[in-house]
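Undergrad: Working from the sequences, and respecting the hints, build out all of it.
Listed below are the residues making up each chain.
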Amino acid sequence: EAGVTQFPSHSVIEKGQTVTLRCDPISGHDNLYWYRRVMGKEIKFLLHFVKESKQDESGMPNNRFLAERTGGTYSTLKVQPAELEDSGVYFCASSRGPGQITDTQYFGPGTRLTVL
Amino acid sequence: DQQVKQNSPSLSVQEGRISILNCDYTNSMFDYFLWYKKYPAEGPTFLISISSIKDKNEDGRFTVFLNKSAKHLSLHIVPSQPGDSAVYFCAASDGGTSYGKLTFGQGTILTVHP
Numbered sequence: 074e075a076g077v078t079q080f081p082s083h084s085v086i087e088k089g090q091t092v093t094l095r096c097d098p099i100s101g102h103d104n105l106y107w108y109r110r111v112m113g114k115e116i117k118f119l120l121h122f123v124k125e126s127k128q129d130e131s132g133m134p135n136n137r138f139l140a141e142r143t144g145g146t147y148s149t150l151k152v153q154p155a156e157l158e159d160s161g162v163y164f165c166a167s168s169r170g171p172g173q174i175t176d177t178q179y180f181g182p183g184t185r186l187t188v189l
Numbered sequence: 012d013q014q015v016k017q018n019s020p021s022l023s024v025q026e027g028r029i030s031i032l033n034c035d036y037t038n039s040m041f042d043y044f045l046w047y048k049k050y051p052a053e054g055p056t057f058l059i060s061i062s063s064i065k066d067k068n069e070d071g072r073f074t075v076f077l078n079k080s081a082k083h084l085s086l087h088i089v090p091s092q093p094g095d096s097a098v099y100f101c102a103a104s105d106g107g108t109s110y111g112k113l114t115f116g117q118g119t120i121l122t123v124h125p
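Going down the list, the sequences are from chains A and B.
Just so we're aligned, residue 74 is where the first sequence starts under our numbering, counting upward by one.
Just so we're aligned, residue 12 is where the second sequence starts under our numbering, counting upward by one.
Dumping the calculated PhoX-like pairs for lysine-lysine here, alpha-carbon to alpha-carbon at most 20 Å:
1) A:K151 / A:K88
2) B:K65 / B:K79
3) B:K16 / B:K79
4) A:K117 / B:K112
5) A:K114 / B:K16
6) B:K16 / B:K82
7) B:K112 / B:K82
8) A:K151 / A:K127
9) A:K117 / B:K16
10) A:K127 / A:K117
11) B:K112 / A:K127
12) B:K112 / A:K114
13) B:K16 / B:K112
14) A:K124 / B:K112
15) B:K82 / B:K67
16) A:K151 / A:K124
17) A:K117 / A:K151
18) B:K79 / B:K67
So the derived label-pair ranges between C-beta atoms look like this:
19) A:Y147 / B:I31: 33 to 41 Å
20) B:K65 / A:R169: 16 to 24 Å
21) A:S82 / B:G71: 28 to 36 Å
22) B:I29 / A:Q90: 45 to 53 Å
23) B:P51 / A:R95: 19 to 27 Å
24) A:L189 / B:H87: 39 to 47 Å
25) A:R137 / B:T56: 29 to 37 Å
26) B:P93 / A:T143: 40 to 48 Å
27) B:A52 / A:Y147: 19 to 27 Å
Derived by calculation from the structure, the hints in this document are not laboratory data.
Glycine included, every Cβ here is placed at the ideal spot set by N, Cα and C.
TA: Structure representation (structure tokens):
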């Protein structure tokens, strides 16, 4: 079974540009999460999809961030326009569901975003 | 406002000895706790978890202890092996209003010397 995949692995952009990160969850996993780790600090929750619906987006920093999950499969996270403080590693995770607290979240390798 | 804290940024241990990683939390609504391990250039990997109704959970060389009154949990690795060298993250979840959302600590870098 393939794990969670993320694309690209690295992205370097200039302030003001747009970047789109993609996550492909494990097949059959209804739950998809986005997290971010900035400068070696804690990993912070951004949002949670159940299938194509946003269950919890309380961690989204501001309206420059837009997340979508087309047809309940892969997800994209767009940052527009990017700011310096958006730099960090963006992790995607998925779990099978139906949303039990004990569902294990499987993480992808992350996308390292650098905004210059 | 950091609700999960790992106050030791790093820990160095000799192979074969015990590694003890600590984690404190402030949110009394947390009722499920996890440890994840992370190697460089990889995503975090689930290691072990514990529910708030228990005070200990064991899986091979890994044991997690939970002290609810102190809002403290720890991960014991016995015996430690060089392959255990990684960043360890403590995480917590509130099964009520925000199930699935994990709150992480800053991580502790464990180095196990041969």
